[in-house]
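Asker: Using the hints, position chain B against chain A.
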Amino acid sequence: MIQFKNISKHYQLKGQTLTALKQINLDIPQGSIFGIIGYSGAGKSTLIRLINLLERPSEGQVIVNGHDLTALNAASLRQQRANIGMIFQHFNLMQTKTVAANIEMPMQLLGWSKAKRQQRLDELLAFIGLEHKRNAYPDELSGGQKQRVGIARALANHPKILLCDEATSALDPQTTQSVLQLLKKINQEQGITIVMVTHEMDVIESVCDHVAVMEQGQVIEMGSTLSIFSQPQHPTTQTFIQTVLQQHLPVKILNNLENQNHHSIYSLQFLGTSAQETVVQAVIKQFDLSLNILFANMTEIDGTVIGQMFVQLLGNEQIIQEAIAFLQARGVKVQQAGVQA
Amino acid sequence: MRDLIVAWLTDITAPFWKSSLSIDQFVTALQETMHMVFFALLFGCMWGLIQAIIVWTTRPQGILPNKVIYHGLNPIINALRSLPFIILLIAVIPLTKFLVGSSIGTWAAIVPLTIYIGPYIGRLIEISLLEVNEGIVESAQAMGATPTQIIFKFVLPEARSSVILNLTTATISLIGATAMAGAVGAGGIGDLAISYGYQRFDTSVVILTVIVLLILVQIVQMLGEWLAKIR
Chain A
1 MIQFKNISKH YQLKGQTLTA LKQINLDIPQ GSIFGIIGYS GAGKSTLIRL
51 INLLERPSEG QVIVNGHDLT ALNAASLRQQ RANIGMIFQH FNLMQTKTVA
101 ANIEMPMQLL GWSKAKRQQR LDELLAFIGL EHKRNAYPDE LSGGQKQRVG
151 IARALANHPK ILLCDEATSA LDPQTTQSVL QLLKKINQEQ GITIVMVTHE
201 MDVIESVCDH VAVMEQGQVI EMGSTLSIFS QPQHPTTQTF IQTVLQQHLP
251 VKILNNLENQ NHHSIYSLQF LGTSAQETVV QAVIKQFDLS LNILFANMTE
301 IDGTVIGQMF VQLLGNEQII QEAIAFLQAR GVKVQQAGVQ A
Chain B
1001 MRDLIVAWLT DITAPFWKSS LSIDQFVTAL QETMHMVFFA LLFGCMWGLI
1051 QAIIVWTTRP QGILPNKVIY HGLNPIINAL RSLPFIILLI AVIPLTKFLV
1101 GSSIGTWAAI VPLTIYIGPY IGRLIEISLL EVNEGIVESA QAMGATPTQI
1151 IFKFVLPEAR SSVILNLTTA TISLIGATAM AGAVGAGGIG DLAISYGYQR
1201 FDTSVVILTV IVLLILVQIV QMLGEWLAKI R
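Residue numbers (this note's numbering), protein chains in the order written: chain A, 1 to 341; chain B, 1001 to 1231.
Do not take every clue at face value.
[Unchecked claim] Straight-line C-alpha distance at most 27 angstroms; calculated DSS-like pairs for lysine-lysine: (1) A/K5 with A/K160; (2) A/K133 with A/K116; (3) A/K133 with B/K1153; (4) A/K160 with B/K1153; (5) A/K116 with B/K1153; (6) B/K1067 with A/K14; (7) B/K1153 with A/K97; (8) A/K114 with B/K1153; (9) B/K1229 with B/K1153; (10) B/K1229 with A/K97; (11) A/K114 with A/K97; (12) B/K1153 with B/K1067.
[Unchecked claim] Okay, the calculated bits of chain A under chain B, using three or more residues with CB under 8 angstroms as the criterion: (13) 79-85; (14) 95-105.
It is worth saying that the hints were derived from the structure and are not from the lab.
All C-beta atoms, glycine included, are put in the ideal place defined by N, C-alpha and C.
If we strip away everything but chain A, and leave its shape as in the complex, we get:
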């Protein structure tokens, strides 16, 4: 659907060359909700702007719907852009036009008849649930409503791809969730491929099925959201995961432990099953050791549950090792977790 081939982007600034993107190869499958996460300046906003060529790559090719965008002339590029909707962090609605006029804008550019525009406008207003705001101006709307109007405008002429550039970063957590659920609905009902750039891991966690992690202009890790969450490799990825899924035992809990033997603390990660309690139960029954649950949390990603549990295992070293092997045999990821640098 969307393919980046050996993409690099350099800027010239005061005679110095700055590299925004380095040798990026990326494949975004059709129908997915693809998240791109990274800190500010990682190059993620530049990357998403390559998909409709708002930014031109210095090297490499961007292939969208089978067209190499970098090779198109201005008119064909505009035609392709009309098939790619985009929403923005600050909504970018026209302040001087009503909600209805804003949403009609892309249809007007394509020269649709008034009747056809009206019909599509009604559909879209119903879809975003803002029929009553038809004649309101953007400055009379809340942030979440503005973004909904932005979404309606982006979907107006039935695009196949929707680009979201930090679309929820200016919204409060509750509004963020409602906008994200709307995006998910768009993806599921209309099969539109969604690419979203964010610096918030919980956005990825809520809706994305694939994720690419960016740092210093490079994609450092990429895969299904589930695999990234369950097995983050790169330290930066781990830091991001940390924001939604506790990777270390909170220091406060650690300090309050009766037994200060930190080597006896393990993290157990359960994937995909809700059987974690039975497994833990089995360990306690079968092995002569004391299992002390210190902290646990759970998250659902793309329909699969990831559970994280911190336990203190106290007893005979031999028996502890056997218990760990028992757990691992049942698909639980066991790691020593007590000592935090």
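Answerer: Positioned in the frame of chain A, the structure of chain B alone reads:
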């Protein structure tokens, strides 16, 4: 209509109007001023709009960057802007003769007035365009808008309020400039204030001119603010 108004004004001002200048002459001068302001503003707006669009579009971060046009146009605009109006009035006489056929009269003053106010309006509109949120241009581009559509369907409508307020400022400057147009025999109330008030020590003409100009400027300002508010 005009006769009736003049008669009425003459009548009500009769008790305190002690000048050799008749109210009829004053109304004629006011008409000349309006005539100059109207046409100079009309041509100046056309000039300004075109200039602002070209500069905004071709600037380095513009939608169609063009170094030759941008860097070629800028010094010309600055040069025109740096000339005091009274100098410009005389300097463009050959051009005025060519365009109007005469270097004297109201129409002859409209040529230098346009050259004076056009580049100024251009700069003001340019500022209004630059105030428009960059994101609007980006969203327009993402929709597949052509450069023409970006300018006329997105940026200009968004800049409308600011453009109108800036035009109000320009109109008031223009009213001030018309006072000097008397130097080429264009008439106008500014000319009356100089020839009667200053040169013949006729204070009542100066006072009347000041009052009328004050009202004129006030009306323009209020009109501008009202137009800027409606959407």
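Asker: Could you work out which earlier hints the structure fails to respect and list their numbers in ascending sequence?
Answerer: none
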